[in-house]
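*Asks:* Below, each chain spelled out in residue letters.
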Amino acid sequence: MNTVNTKVNRIDASFAKLRSEGKKAFIPFITAGDPSIEASYLIAKAMIENGATLVEFGVPYSDPSADGPVIMRADERALANGTRLADVFSLSSRISTEFPLIPVVLLLYFNSIFVYGLEKFFTACEMSGISGVIIPDLPLEERDEARPAADAHGVYLISMVTPVSQERAKRILAQAQGFLYCVASLGVTGERSSYATDFKSYFDSLNEGSDIPKCIGFGVSTPEQKRELEAYCDGVIVGSAIVRRIEDCIAEGISEEAIAARLGDFVHEFTEVHI
Amino acid sequence: MSKGRFGEYGGQYAAETLMFALTELENAYREAQADPTFDLEFKTLLREYAGRPSLLYRAERMSADLGTQVFLKREDLNHTGAHKINNVLGQVLLARRMGKKRVIAETGAGQHGVATATAAALFGLSCDVFMGEEDTRRQALNVYRMELLGAKVHPVTTGTATLKDATSEALREWSRRVSDTYYVVGSVVGPHPYPEIVRDFQRVIGDEIRAEMLEKYNRLPTALFACVGGGSNAIGTFYPFIEDASVRLIGAEAGGEGVDTGRHAASLTGGTIGVFHGMKSIFLQDDEGQIAPVYSISAGLDYPGIGPEHAYLHKTGRGEYYAVTDEEAIDAFEYLSRMEGIIPAIESAHAVALLRKMHAEFKPEDMVVVTLSGRGDKDVEAIGRYRGQIV
Numbered sequence: 121m122n123t124v125n126t127k128v129n130r131i132d133a134s135f136a137k138l139r140s141e142g143k144k145a146f147i148p149f150i151t152a153g154d155p156s157i158e159a160s161y162l163i164a165k166a167m168i169e170n171g172a173t174l175v176e177f178g179v180p181y182s183d184p185s186a187d188g189p190v191i192m193r194a195d196e197r198a199l200a201n202g203t204r205l206a207d208v209f210s211l212s213s214r215i216s217t218e219f220p221l222i223p224v225v226l227l228l229y230f231n232s233i234f235v236y237g238l239e240k241f242f243t244a245c246e247m248s249g250i251s252g253v254i255i256p257d258l259p260l261e262e263r264d265e266a267r268p269a270a271d272a273h274g275v276y277l278i279s280m281v282t283p284v285s286q287e288r289a290k291r292i293l294a295q296a297q298g299f300l301y302c303v304a305s306l307g308v309t310g311e312r313s314s315y316a317t318d319f320k321s322y323f324d325s326l327n328e329g330s331d332i333p334k335c336i337g338f339g340v341s342t343p344e345q346k347r348e349l350e351a352y353c354d355g356v357i358v359g360s361a362i363v364r365r366i367e368d369c370i371a372e373g374i375s376e377e378a379i380a381a382r383l384g385d386f387v388h389e390f391t392e393v394h395i
Numbered sequence: 013m014s015k016g017r018f019g020e021y022g023g024q025y026a027a028e029t030l031m032f033a034l035t036e037l038e039n040a041y042r043e044a045q046a047d048p049t050f051d052l053e054f055k056t057l058l059r060e061y062a063g064r065p066s067l068l069y070r071a072e073r074m075s076a077d078l079g080t081q082v083f084l085k086r087e088d089l090n091h092t093g094a095h096k097i098n099n100v101l102g103q104v105l106l107a108r109r110m111g112k113k114r115v116i117a118e119t120g121a122g123q124h125g126v127a128t129a130t131a132a133a134l135f136g137l138s139c140d141v142f143m144g145e146e147d148t149r150r151q152a153l154n155v156y157r158m159e160l161l162g163a164k165v166h167p168v169t170t171g172t173a174t175l176k177d178a179t180s181e182a183l184r185e186w187s188r189r190v191s192d193t194y195y196v197v198g199s200v201v202g203p204h205p206y207p208e209i210v211r212d213f214q215r216v217i218g219d220e221i222r223a224e225m226l227e228k229y230n231r232l233p234t235a236l237f238a239c240v241g242g243g244s245n246a247i248g249t250f251y252p253f254i255e256d257a258s259v260r261l262i263g264a265e266a267g268g269e270g271v272d273t274g275r276h277a278a279s280l281t282g283g284t285i286g287v288f289h290g291m292k293s294i295f296l297q298d299d300e301g302q303i304a305p306v307y308s309i310s311a312g313l314d315y316p317g318i319g320p321e322h323a324y325l326h327k328t329g330r331g332e333y334y335a336v337t338d339e340e341a342i343d344a345f346e347y348l349s350r351m352e353g354i355i356p357a358i359e360s361a362h363a364v365a366l367l368r369k370m371h372a373e374f375k376p377e378d379m380v381v382v383t384l385s386g387r388g389d390k391d392v393e394a395i396g397r398y399r400g401q402i403v
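Read top to bottom, the protein sequences are chains A and B. Residues 121 to 395 (our numbering) make up the first sequence, in order. Residues 13 to 403 (our numbering) make up the second sequence, in order.
Quick caveat, the hints were computed from the structure, so don't treat them as lab data. Keep in mind that the hints are not guaranteed to be accurate.
Claimed, not checked - So these bits of chain A aren't anywhere near chain B, every CB distance computed over 12 Å:
no.	residue
1	D132
2	S313
3	S314
4	D318
5	E328
6	G384
Stated by the list, open to error - Capping the alpha-carbon separation at 30 Å, the derived lysine-lysine pairs in BS3-like fashion look like this:
no.	chain 1	residue 1	chain 2	residue 2
7	A	K240	A	K320
8	B	K55	B	K228
9	B	K327	A	K240
10	B	K228	A	K290
11	B	K15	A	K240
12	A	K127	A	K137
13	B	K15	B	K113
14	A	K290	A	K137
15	A	K320	A	K143
In this text, a Cβ means the ideal position worked out from N, Cα and C, and glycines have one as well.
Could you build the full structure based on these sequences and the hints that come with them?
*Replies:* And the structure:
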């Protein structure tokens with residue numbers, strides 16, 4: 121089963137194109153199934169139509185220990201309405217089929233993969249057109265457990281690096297695939313008004329190690345922050361700020377179509393300079 | 013396989029933000045192990061501050077009642093009232109050695125929180141404790157105790173508002189302030205090197221049992237009983253006897269309202285292999301790995317998983333683990349109070365209950381040791397309520 125998959129991964133193609141055009145990636149995150157799988161489909165579609173480069177679907181989890189309160193609540197809502205991995209695969213499949221150039225990436229805790237079964241999981245990823253997975257609790261030391269199955273199905277394991285990775289960063293870079301998820305600051309996911317991180321030296325040292333595309337996430341919540349941060353790297357990832365807007369829409373009781381339209385507009389605020 | 017494995021269990025499934033801290037912790041621990049002054053200081057604190065050794069008490073009335081020789085390992089007599097202080101003193105010494113100014117901890121019943129707050133006061137460190145909101149109600153006395161000792165208690169409202177959620181919140185807080193904060197994990201759970209460190213600091217329980225049995229009776233015990241939530245008092249009791257095949261190692265899990273009701277916390281009895289809170293082990297979870305809401309009358313055993321070394325002892329058959337219901341534990345709580353004049357923690361009462369259930373397997377000449385992991389003052393009110401009495 122460990123044959124190497126030779127298809128070009130959409131993540132590589134997307135970043136190659138962006139770099140050749142001198143553009144930056146904008147990567148929105150939503151929790152799949154919040155408030156429903158159909159809504160997630162409509163929101164993802166609206167975000168792509170408004171310039172998202174790649175979409176990241178969070179697989180809802182009962183105990184998301186790397187996430188802050190906004191995404192924790194989204195996970196609770198998605199689980200309460202019965203979202204399961206099969207739903208996330210069908211959502212991914214619809215998006216990846218409808219938008220053949222847009223990479224779909226899942227963010228999920230390792231237990232969701234491990235209990236489902238590694239081979240079964242990565243087979244389903246391949247069949248659903250999923251280009252990569254981000255597993256926040258599978259560090260360098262444990263990646264060999266998932267790598268063979270992921271490789272066999274052409275699914276990238278997206279690595280995370282943090283400002284405190286220090287000498288680990290070199291080893292992380294050496295096995296990074298697709299793009300490197302650069303955590304902007306310590307702590308869990310959630311919006312931040314400012315950062316204590318010295319981004320110049322953070323990215324200088326990462327760029328020295330490898331030219332793999334680098335995107336920054338954790339706390340990015342405004343177009344101004346995005347413009348400031350993307351100067352250092354290849355793109356930004358926005359999660360909690362988007363999920364919080366979905367939560368606001370749910371509280372207002374507006375239709376799923378209206379939620380999607382509003383989130384499309386929100387993404388447009390981030391991407392308009394490039395469209 | 014990565015570091016910190018017990019068979020396939022264990023490992024280091026932690027967020028990248030924490031990996032540097034875990035490596036730093038492991039390095040500091042290896043240096044401490046090689047430094048005789050560390051061990052000397054730890055042993056001195058155990059003796060002069062925690063009040064060790066805790067002695068074996070030969071429970072004559074229980075022995076007569078159960079038809080075998082019963083010994084109680086009195087961890088309830090330690091300073092702060094439970095075995096938790098053993099581990100905490102070791103870890104806070106490590107924290108000081110690493111130059112950390114602040115410690116954080118999760119707590120279920122509050123005993124680990126109280127022990128951490130105590131050691132933080134002793135060493136002049138600031139201390140924040142995360143405790144499920146449900147548990148702050150069940151164990152209000154311990155909340156006050158922690159505050160009295162100068163700790164700040166943070167009620168955790170997410171999920172089931174119990175120990176697992178407190179643990180997740182402590183992990184989140186650690187990832188926010190990883191450079192100045194030491195996370196004092198309370199049981200043999202979490203990513204490597206915690207299961208090993210906590211076991212090493214708790215093995216004093218089993219080492220003392222072994223030494224005292226050999227000295228007084230020139231033999232090893234027939235069986236050891238201990239309650240198991242994450243499993244720290246149990247591994248502390250069992251570990252020095254793992255190579256002694258004649259000694260049965262028996263753990264009592266929290267059966268709640270019964271393992272067939274779905275309202276329990278008996279991970280090894282009803283769980284499956286998974287990865288959670290940094291470790292691969294056995295967890296109560298659904299077919300897609302969502303962690304189950306668990307239940308036990310005992311806040312200290314109300315956890316959906318178990319330490320990886322216990323999962324391994326269970327898998328290899330070296331350890332035996334059985335579920336004890338709330339009702340059986342409460343009966344044992346009352347039984348020990350009346351038979352021996354010892355009010356045990358409701359957690360420890362699970363171990364007493366298991367011996368009562370299994371006593372027919374032991375002969376009059378056998379010697380069985382039950383570790384009383386803690387004292388029951390904290391539980392009096394909740395048990396009274398369970399029995400319909402307002403205390």
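*Asks:* Hints first: check each against the structure and report whether it holds.
*Replies:* Evaluated hints:
1. D132: Since the minimum Cβ distance to chain B is about 23 Å, D132/A lies beyond 12 Å and the statement holds.
2. S313: Nearest chain B Cβ is 15 Å from S313/A, so the label holds.
3. S314: 15 Å, holds
4. D318: D318/A clear of chain B: closest Cβ-Cβ about 14 Å, beyond 12 Å.
5. E328: E328/A is indeed farther than 12 Å from all Cβ atoms of chain B, at 19 Å.
6. G384: Fine: 30 Å to the nearest Cβ keeps G384/A off the interface.
7. K240/A to K320/A: Measuring from Cα to Cα gives roughly 41 Å; hence the hint is violated.
8. K55/B to K228/B: Holds, at roughly 22 Å.
9. K327/B to K240/A: 25 Å, holds
10. K228/B to K290/A: Violated, at roughly 57 Å.
11. K15/B to K240/A: 26 Å, holds
12. K127/A to K137/A: Given that 30 Å is the threshold and the Cα spacing comes to 17 Å, the pair holds.
13. K15/B to K113/B: At roughly 28 Å apart (the allowed maximum being 30 Å), K113/B and K15/B satisfy the hint.
14. K290/A to K137/A: Answer holds: K290/A to K137/A is near 26 Å, not above 30 Å.
15. K320/A to K143/A: 19 Å, holds
In terms of the numbered hints stated before, the structure departs from hints 7 and 10, listed from lowest to highest.
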